[in-house]
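A.B. asks: Got chain G sorted already, so can you dock chain R onto it with the hints?
Here the protein sequences come in this chain order: G and R. 22 is the number of the first residue of the first sequence in our numbering; add one for each residue after it. 24 is the number of the first residue of the second sequence in our numbering; add one for each residue after it.
Just so you know, these hints were derived from the structure itself, not from any lab. Since we're looking at a predicted model, the values are computed, not measured. A virtual CB, placed ideally from N, CA and C, is assigned to each residue, including glycine. Errors might be hidden in some of the hints.
Stated by the list, open to error - Estimated spans, in silico, between C-beta atoms of each pair:
#1 R/Pro110 with G/His118: 21 to 29 Å
#2 R/Ala50 with G/Arg51: 18 to 26 Å
#3 G/Arg214 with R/Ser112: 50 to 58 Å
#4 R/Ala115 with G/Arg161: 46 to 54 Å
#5 R/Leu226 with G/His157: 42 to 50 Å
#6 R/Pro65 with G/His118: 51 to 59 Å
#7 G/Leu107 with R/Ala50: 43 to 51 Å
Stated by the list, open to error - Residues from chain R that keep clear of chain G, each with C-beta distances beyond 12 Å, as calculated:
#8 Ala59
#9 Leu141
#10 Met142
#11 Leu151
#12 Leu183
#13 Pro191
#14 Ala209
#15 Ala230
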Amino acid sequence: MTSASLSRTVTPAPKFPDLRLSVSDLGLSRGDMVLARDLGLALGPGEALLLTGRNGTGKTSLLRALAGFIEPDTGAIRLNDEPAALAAADTIAWLGHADGLKPGETPRSALRFWADLYGQPRTAIMPALRALEIDHLIDRPAARLSRGQQRRCGLARIVLAHRPLWLLDEPAGPLDAEGRACLAALVASHRARGGLVIAATHQPLDWPDARSLDMGAI
Amino acid sequence: MGVLTAIFAREARLAWAGGGGAAGPAAFFLAAITLAPLAIGPAADLLAAAGPGILAFAALLSVLQSAERLFGDDFSDGTLDLYLLTPTSLAALCLAKVMGQASATLWPLPLIGVLGGLMYGLPPISALVLGAALLAAIPALALIAGFAGALAAGIKRGGLLIALIATPMMVPVLIFAAGAGRSAFAGDERAVANLLLTLAISLGTVALAPFGIAAAVRGRLG
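Pulled out of the complex, with its shape left as it was, chain R reads as follows:
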């Protein structure tokens, strides 16, 4: 098995075995989108208009749920030290690690996003566009959370630091992912553009964030 495949598979397996897999983020996401209408009120028009934004925002917060453990556990059990002593690039290892965990824990978010969209009164096609936007956003959200998690690895109450670092960086993804659902609901052609921009941000993050995560890991271990 290749090095990166081994790390991807191990992270996915550990996320299932030790962290409850997708249950945590999915439960948080479901709770948030179920409670929000109780605060907003029963007006159907208002719920449908606010739905894409609430769903994208709740998905963002769900991704942050596991960010503290992503590198914190590896920091305290010595795994990060061992990763530094492998011939494979640390940036590639970090990418495989974050993606492995994201694949095991975040996969329900687009599905719940589609169901949530219907629940908020979006037409099926708009709900599907919103689900696709959330799917496109996951790599960017996971890697930004991973970057913040690496910077906060081993720090007491690192969750606060992660929230402060990650949330501003997630703003563009939030805007375009929610925008895709909103535009689809409004029936305007910018839905596809928003969806593609979300995907573009994710691809850019996949290309750049691993280097930032690797630098953060080195900094925490130094």
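One chain only, chain G, in its complex shape:
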């Protein structure tokens, strides 16, 4: 990544209000397979957690439970002592396996839509695309973007959402080395503002001071 683009990603932005995520006694299963039992987690402002482990160990399921998409079998997930399900809608930015892009949509039209949905100004779109170094692709239909470029567009949506807790499922999967550097810079910038990041990943991610949780070992 160039120094110019790095300087764009770390442009000072207002800090997030303090947010604490706490998970206690969490039990999670899929069918008859137990994925987690009595799991406890605590994450504070500026912290990052990497969920690692082999396929099928429950990384995505845990992320989906944290986002409130699925109900855990037992335990509680709280954001600042409030049930996460109640606070999720304006606290969590989600990046799943898919990027929420339609084949005929350009990054410009997609991000305009998401800016409206998140209540963010459309003027924030270009800086987000620049931070991911895809501002020159703003009018190219998603069907003509590579998988890595689509991922960068998904990450631009995460930046645009302006929410303190990022839940990222394999964020670096399709990214090249430059893309991974962009991602690392964005995560560092987000954490510097007091944001939290939890990412499920198969790839080693060089995020300073990020904690790691091996889902296969719990």
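C.D. replies: Chain R only, in chain G's frame:
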């Protein structure tokens, strides 16, 4: 732009850009109402009597054409996950979504209904009443198709499930919309009553179906 307006506009734009807009349902509707007389025969009285029913039935099937994609695409590309993480009510989002797509894809059906009515030998006023009944029926048909589409989102061969779920729920709309055209043709005063009942079902569906669609979406994502 407001959240619901943004969703409505996006659905309408995507339906035009990616799905051919109104061409699919309109082509299906036209094909069905053009082929039916070839099977029924040339008797003018019979065609005029059967016309309202055939037209309403063909319109119902046309609405089902795009039901599988309505929530299936959003399910597979992750959009539904993102909708769950917005402060706006999911039921309202689903209503805006279905109505946005319906406005882009189903608008020709009442017009074709009027032309089809004339083609089947209905008097102009009866054809217009039938067209109005189809217009009144569209919100109910679209939302019922949306409910079935949400239940089947992400399921392989979901089209079969959609047909099985949606068609029985569409029966009252079919009866009253066709009844409006039939009563107008017969010259009896129940035409207006049938038309109003069609509209009442649509309004009731607009009020209730979004909650069912939202519950179906949550169920599919859970």
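A.B. asks: Does each hint hold? Answer for all of them.
C.D. replies: Here's how the hints hold up against the structure:
no. : hint                               : in the structure
1   : R/Pro110 with G/His118: 21 to 29 Å : holds (24 Å)
2   : R/Ala50 with G/Arg51: 18 to 26 Å   : violated (43 Å)
3   : G/Arg214 with R/Ser112: 50 to 58 Å : violated (29 Å)
4   : R/Ala115 with G/Arg161: 46 to 54 Å : violated (32 Å)
5   : R/Leu226 with G/His157: 42 to 50 Å : holds (49 Å)
6   : R/Pro65 with G/His118: 51 to 59 Å  : holds (57 Å)
7   : G/Leu107 with R/Ala50: 43 to 51 Å  : holds (47 Å)
8   : Ala59                              : holds (34 Å)
9   : Leu141                             : holds (36 Å)
10  : Met142                             : holds (35 Å)
11  : Leu151                             : holds (36 Å)
12  : Leu183                             : holds (25 Å)
13  : Pro191                             : holds (30 Å)
14  : Ala209                             : holds (47 Å)
15  : Ala230                             : holds (23 Å)
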